[in-house]
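> Sequence:
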Amino acid sequence: MANVSPPSSPTGLPDRFADEIRALVEATAPRLFAVVEQFETDSGEPDARVAAWGLAHDDGSAQVTAVDGGFRMSLRTPDRATQLISLRPGSIGYLVWSEPTTLNTPAS
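For what it's worth, numbering that gives the first Met the number 0 labels the leading residue of the sequence shown as 0, then goes sequentially.
In short, the hints are calculated from the structure, not lab data. Hints are all accurate, no fakes.
So the derived label-pair ranges between C-beta atoms look like this:
{"id": "1", "residue 1": "Leu23", "residue 2": "Gly89", "range": "38 to 48 Å"}
{"id": "2", "residue 1": "Val49", "residue 2": "Asp18", "range": "32 to 42 Å"}
{"id": "3", "residue 1": "Glu39", "residue 2": "Phe16", "range": "49 to 59 Å"}
{"id": "4", "residue 1": "Glu98", "residue 2": "Asp58", "range": "14 to 24 Å"}
Keep in mind the model is a prediction, meaning the values are calculated, not measured. Think of the CB as a built atom: it goes at the ideal place given N, C-alpha and C, for glycine as much as any other residue.
Work out the full structure: start from the sequences and follow the hints.
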């Protein structure tokens with residue numbers, strides 16, 4: 000079964016209103032970040048993995064989900080996720096912000 004995505008922009012609306020909706024979405028979208036876990040391999044070499052992905056909201060709070068599906072958290076700040084990862088023996092957590100992408104616009 001193929002996945003079909005709905006249109007990425009409102010359709011059937013006047014251009015001006017559709018532009019206003021896009022601007023609203025861009026202005027209120029949460030920021031995407033990764034929680035990266037640095038650790039030491041069995042051979043003593045440093046390595047890292049993306050342990051979780053998160054969304055940071057304007058009020059400072061964050062929603063974080065583990066890559067492996069092991070946990071979901073609501074946190075007061077995104078930095079709290081790195082503190083929790085750093086609790087694992089031998090691990091250091093880092094917060095890495097994802098670069099924003101432009102929203103899809105309807106084809107002309």
